[in-house]
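Student: Use the sequences and the hints to build the structure in full.
There are 2 protein chains.
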Amino acid sequence: MPYALIATVSDQPGMLFQLTKVFVEHQVNITHIDLHTAGGVSEILFELAGGEAGLDRILEDLRKVSGVQRIEETPSLARVYGKRIIVMGGGAQVGFVAMGAIAEADRHNIRGEHISIDTIPLVGEQALAAAVRAVMRLPRVKLLVLAGAIMGGEITTAVEEVRRNGLYVISLNMAGTVPDAADLVVTDPVQAGVMAVMAVADTAKFDLMRQLKKRY
Amino acid sequence: MPYALIATVSDQPGMLFQLTKVFVEHQVNITHIDLHTAGGVSEILFELAGGEAGLDRILEDLRKVSGVQRIEETPSLARVYGKRIIVMGGGAQVGFVAMGAIAEADRHNIRGEHISIDTIPLVGEQALAAAVRAVMRLPRVKLLVLAGAIMGGEITTAVEEVRRNGLYVISLNMAGTVPDAADLVVTDPVQAGVMAVMAVADTAKFDLMRQLKKRY
Numbered sequence: 730m731p732y733a734l735i736a737t738v739s740d741q742p743g744m745l746f747q748l749t750k751v752f753v754e755h756q757v758n759i760t761h762i763d764l765h766t767a768g769g770v771s772e773i774l775f776e777l778a779g780g781e782a783g784l785d786r787i788l789e790d791l792r793k794v795s796g797v798q799r800i801e802e803t804p805s806l807a808r809v810y811g812k813r814i815i816v817m818g819g820g821a822q823v824g825f826v827a828m829g830a831i832a833e834a835d836r837h838n839i840r841g842e843h844i845s846i847d848t849i850p851l852v853g854e855q856a857l858a859a860a861v862r863a864v865m866r867l868p869r870v871k872l873l874v875l876a877g878a879i880m881g882g883e884i885t886t887a888v889e890e891v892r893r894n895g896l897y898v899i900s901l902n903m904a905g906t907v908p909d910a911a912d913l914v915v916t917d918p919v920q921a922g923v924m925a926v927m928a929v930a931d932t933a934k935f936d937l938m939r940q941l942k943k944r945y
Numbered sequence: 730m731p732y733a734l735i736a737t738v739s740d741q742p743g744m745l746f747q748l749t750k751v752f753v754e755h756q757v758n759i760t761h762i763d764l765h766t767a768g769g770v771s772e773i774l775f776e777l778a779g780g781e782a783g784l785d786r787i788l789e790d791l792r793k794v795s796g797v798q799r800i801e802e803t804p805s806l807a808r809v810y811g812k813r814i815i816v817m818g819g820g821a822q823v824g825f826v827a828m829g830a831i832a833e834a835d836r837h838n839i840r841g842e843h844i845s846i847d848t849i850p851l852v853g854e855q856a857l858a859a860a861v862r863a864v865m866r867l868p869r870v871k872l873l874v875l876a877g878a879i880m881g882g883e884i885t886t887a888v889e890e891v892r893r894n895g896l897y898v899i900s901l902n903m904a905g906t907v908p909d910a911a912d913l914v915v916t917d918p919v920q921a922g923v924m925a926v927m928a929v930a931d932t933a934k935f936d937l938m939r940q941l942k943k944r945y
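Protein sequences, first through last, are from chains A and B.
Residues in the first sequence are numbered from 730 upward in steps of one, following my numbering.
Residues in the second sequence are numbered from 730 upward in steps of one, following my numbering.
Everything labelled a hint here was simulated from the structure, so no lab data went into it.
Please note that a few of the clues may not be correct.
When chains are identical, the list treats them as one kind, so a pair holds in a single copy or across two.
Stated by the list, open to error - Calculated cross-link-like contacts (lysine-lysine; reagent style DSSO-like; alpha-carbon spacing at most 27 Å):
id, residue 1, residue 2
1, LYS793, LYS750
2, LYS812, LYS871
3, LYS943, LYS793
4, LYS871, LYS942
5, LYS750, LYS943
6, LYS871, LYS793
7, LYS942, LYS750
Source: prediction; values computed, not measured.
Tutor: Written out as structure tokens, the structure is:
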């Protein structure tokens with residue numbers, strides 16, 4: 730069961746080093762860290778796994794670290810925002826994919842799922858290829874939808890790379906070689922958004938893997 | 730200028746501790762970290778500031794750490810995905826806010842901005858209040874749009890908290906007390922999305938702060 734702690738600490742060198750030392754000592758696995766710094770104070774979010782049984786001792790040891798102002802338990806982002814679907818490409822088409830995905834995610838989230846739809850309208854082969862590759866470095870992403878009228882070249886290479894790393898990719902039916910590289914090709918953008926959500930929702934019966942390389 | 734490194738390391742206790750030690754020694758400020766672990770290997774993304782001049786030495790010292798398989802420079806997520814606007818609430822309205830925001834972000838991103846629109850359809854006072862509060866712990870978020878037909882109670886308290894922490898909040902014109910707590914109230918959801926993007930875009934002339942507490 731993932732859990733999370735938020736540490737308010739002085740913005741001084743080595744704070745993260747001291748705190749991670751405590752986690753090592755308690756054999757806690759850090760799955761995600763985020764830092765915000767403002768006005769001489771840093772807030773550090775730790776998403777953690779393991780060691781819950783000794784949580785009181787962990788909190789005690791963290792509070793002993795010099796420079797620590799506050800340590801609190803907080804809801805895990807994985808529980809609040811859950812799985813992420815990323816939609817990228819041209820604004821007109823990204824908008825319609827998002828509409829379909831958001832409406833469908835609503836239906837699943839009401840039944841206890843946690844699915845967020847994240848989007849970025851982008852233009853240009855290099856910018857899109859970089860964004861596709863960077864998806865692997867975003868937390869909690871399960872599926873990528875590419876929404877545009879023509880995509881190929883370096884974007885296709887990037888799609889092949891992220892698919893090898895286990896990410897599902899849905900492409901709109903478009904010009905260029907990206908549809909050939911995707912798991913699934915869908916013509917209607919609203920339908921593409923709906924299918925993207927169905928593919929990642931535990932509350933859905935749709936198995937994207939059984940649809941591999943199909944076109945709708 | 731932010732920069733980023735990606736470290737491929739053995740999934741063993743203390744890796745993060747050893748790596749952050751190197752950053753401390755070189756007086757590098759860590760602004761964001763993300764970890765993914767699969768098949769006994771962890772990929773750790775470090776978003777960094779400072780110490781660029783000694784980057785070769787930093788890379789050398791990181792590569793000396795036991796368990797490190799690869800250290801590479803990578804585009805900073807801040808450069809690829811940029812500023813984030815989060816839209817949350819009821820699916821129908823979140824969808825239309827997203828449409829407006831995505832279309833407007835497209836116009837700014839073409840001129841060199843990097844704005845992403847992230848959404849989550851959610852139901853219920855407690856779930857929404859938790860998601861509003863958790864926005865402060867997400868990286869790169871500049872503005873929150875609340876899209877629904879009625880929001881109040883604990884959600885309003887959460888809105889007041891995040892506004893005190895410097896986050897801008899736009900609310901649709903709706904029942905409940907959330908509109909009174911927001912910076913700006915907009916009736917048309919597409920317009921709310923467009924205004925949200927204008928408020929955070931450096932390429933726009935619209936100053937949200939001058940619109941404080943206005944209703945459209």
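Student: Each hint needs a verdict: does it hold in this structure or not?
Tutor: For each hint, the structure was consulted:
| no. | hint | verdict |
| --- | --- | --- |
| 1 | LYS793 with LYS750 | both (12 Å within a copy, 19 Å between copies) |
| 2 | LYS812 with LYS871 | both (6 Å within a copy, 21 Å between copies) |
| 3 | LYS943 with LYS793 | neither (57 Å within a copy, 47 Å between copies) |
| 4 | LYS871 with LYS942 | within (18 Å within a copy, 38 Å between copies) |
| 5 | LYS750 with LYS943 | neither (49 Å within a copy, 49 Å between copies) |
| 6 | LYS871 with LYS793 | neither (38 Å within a copy, 33 Å between copies) |
| 7 | LYS942 with LYS750 | neither (47 Å within a copy, 46 Å between copies) |
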